[in-house]
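The residues making up each chain are set out below.
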Amino acid sequence: MTTLEVKDLHVAIDNQEILKGVNLVMKTGEVHAIMGPNGTGKSTLSQVIMGHPAYRITSGEIYFDGQNLADMAVDARARAGLFLAMQYPAEIQGVTNIEFMRAAINARRPEDDPISVMDFIKKLDEKSAILSMPEEMSARYLNEGFSGGEKKRNEILQLLMIEPKIAILDEIDSGLDIDALKVVARGVNEMKSPDFGVLMITHYQRLLDYIVPDFVHVMMDGRIVKTGGPQLAKKLEAEGYAGLRDELGLDIVLTDENVDAGL
Amino acid sequence: MTKYQKQDISLTAAQQLPLPNFPKVKYASWHLDQLMPVQKAISNAHFLTAEDVGIEILGTQAGHQYLPQELINAGVLVMSIQAAKKDYPQLVQRYLSSVIPADQDRLSAQNLLQYNAGIFVYIPDNVVIQSLLQLVLVQNATTTGDAVQRILIYVGKNAQCTILQQLRTMGEATIKSSTVIEVFLDAGANVQYSAIDALSANTSGYLNRSALLADNAQLNWAQAEFNRGNMVMHLDTMLSGQGAQTHANVMAMVSQKQVQGINTRVSNRGRHTIGHILQRGVILDHAALVFNGVGNIIKGAKGADAQQESRILMLSKKARGDANPLLLIDESDVTAGHAASVGRMNAAQLYYLMSRGLCEKVARRLVIRGFMGPILAQIPHQVVRESIIEDIERQLKDAHQ
Ligand SMILES: Nc1ncnc2c1ncn2[C@@H]1O[C@H](COP(=O)(O)OP(=O)(O)OP(=O)(O)O)[C@@H](O)[C@H]1O
Ligand SMILES: [Mg+2]
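The listed protein sequences correspond, in order, to chains A and B.
Residue numbers 13 to 275, in our numbering, belong to the letters of the first sequence in order.
Residue numbers 61 to 461, in our numbering, belong to the letters of the second sequence in order.
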């Protein structure tokens, strides 16, 4: 069993505090979801766990299987079993998806024992089929010219190919049409096992109908303010974040409060 | 043809001509105008093998040479320039100096007077060559003696071909190199011209690759500069006829202590001509790279389009890079634009790759490849692309970073 533990994490960027004491524990075999208003630090949390160089941890720790991540570079974290499907994945022209995924797999193997071309292609075909991705996609340059939805699918393809222990999926559902959402959910569900844990950041309860979480966390103003079961997401959908805030007696200004849809 | 008449010139007159101008590159101390053109034949080097269509010149001798029968029947000529002078003197005479005037500058003029090796290609009107045509010049640096070589290519009306031309060194001796390449595209000709220049660290040299395009001719250059020594280079395209088009794609990688200056110029002379320059340069270690991009629209070239984009990636604090765009426009009814930048490694791309477990070294290599991506994407032949990627990888491995 692998554990990811975030302890009283404070993070700043340009001297502005964004995470203000996040606590979170998750284990393999579990499905977690984080919801929360725009700009409350969800992506920041995921990037800090992965090790993005732009963010500064001012206090607190992150442990992966008891090991302090502060001592590990981004690539070492990945090889230890962490994965982040990014909200905005980078595009790289000149490097094909195939080549990149092979390099990623081989980075986890001894240098003198790279995956054979046959095994690799077989696995790639199998995983692409789960995601209904045409073969040609992998021959294209990494994310280059991919539509929003295709990029998301490609992130999940990498997840299936790399098979990490713990994955964070940042808004993997945004920009997907209804059918694509089901396909992507199928991909994630395919990974489910006692040896795999997933943390999904999402704005929409709909995703959680397809990938049912064990825990739902609500993040506001740089903290996790409430944790519950799948019902919590349904309740948020019905009552909005202001309702929860008032119920918890929090002193937070929500940017989009009191806006009616103008219908 | 009278318009491009060759001028005769003497060695003394050549010495009086000015050195070609490479802004921001000081190269007078390389003494590229003092050549000792002695090259021995090499017998053991091979960049081409059995079925490769084309010719390989080893030192001064033709090595591998192969042309399928149907191309021979169609009147295609691919041979050493000496053989061509002997067997087809009028053809050589007609096109030699038709693109680069004999008195253009000291270094080209000296090449014209002193070259002792090279290649002649003649593709008659309407001939379409499907196979990749390979032209390889191997410079012999197993002993001292400078390499002075020339390539002359004529592509007839509506003829088409894809060329891969390489410049390579065998041996470690310190030599100088002078290479002048003239490409003449007659009306409606269409050529994909990829070049890999990979001369040794102990070679300093001058390279002038120039083309002249008649009406509606189209030339796509992809020039990969992987030379390890000090080089000054011209890539010069004259869009003479109306509707002529060129894409001048250049990638360069410099490392250790080398200096490279690259002038890439497109002149729009004909109406509705299109010239696009796209350049990517990577600098490692202490090296220096200068891109001088010139878009020159000549008076009367109504409807011409001149665009250029040059980007340099600096991978060490000691690297020196310069991208100078220049637009010289002498006509009002035209479109033109330029972009240039000198920057460092794309951090977002590096992070993304490393977040999948790639170690920094491999990730950096891929990001650098990605930076070259826009040029690689312009290269139609997979074989050529892969060969260029191999060269990139090799140089990155060798550099100190
Ligand atoms: N690199 C950065 N530079 C400057 N500000 C940043 C940076 N990254 C995050 N921030 C700021 O930190 C705050 C939290 O951003 P973050 O992306 O973590 O929010 P989020 O919860 O993921 O929002 P969303 O739901 O809109 O994706 C925002 O105010 C954002 O502008
Ligand atoms: Mg976000």
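None of these hints come from the bench; they were simulated from the model.
Glycine included, every Cβ here is placed at the ideal spot set by N, Cα and C.
Treat the hints with care, as some may be off.
List time: in silico BS3-like cross-link candidates among lysine-lysine, alpha-carbon distance up to 27 Å [what the hints assert, rightly or not]: (1) B:LYS421 - A:LYS177; (2) B:LYS421 - A:LYS163; (3) A:LYS204 - A:LYS246; (4) A:LYS177 - A:LYS163.
Below, a sample of chain B positions facing chain A; criterion: calculated Cβ distance under 8 Å [said to hold, decoys possible]: (5) GLY231; (6) MET414; (7) GLY417; (8) CYS419; (9) GLU420; (10) LEU426; (11) GLY430; (12) PRO434.
Quick rundown of the hints versus the structure:
1. B:LYS421 - A:LYS177: 24 Å, holds
2. B:LYS421 - A:LYS163: With Cα atoms ~25 Å apart, B:LYS421 and A:LYS163 stay inside 27 Å; holds.
3. A:LYS204 - A:LYS246: With a Cα-Cα distance of about 23 Å, the restraint between A:LYS204 and A:LYS246 holds, given a limit of 27 Å.
4. A:LYS177 - A:LYS163: 22 Å, holds
5. GLY231: Violated, about 32 Å.
6. MET414: With Cβ-Cβ at 4 Å, under 8 Å, it holds.
7. GLY417: 4 Å, holds
8. CYS419: Nearest chain A Cβ about 5 Å off; hint holds.
9. GLU420: Hint holds; B:GLU420 Cβ to chain A Cβ min 7 Å, cut 8 Å.
10. LEU426: Status holds, d = 5 Å.
11. GLY430: 4 Å, holds
12. PRO434: 6 Å, holds
The structure is inconsistent with hint 5 alone, although it conforms to all the rest.
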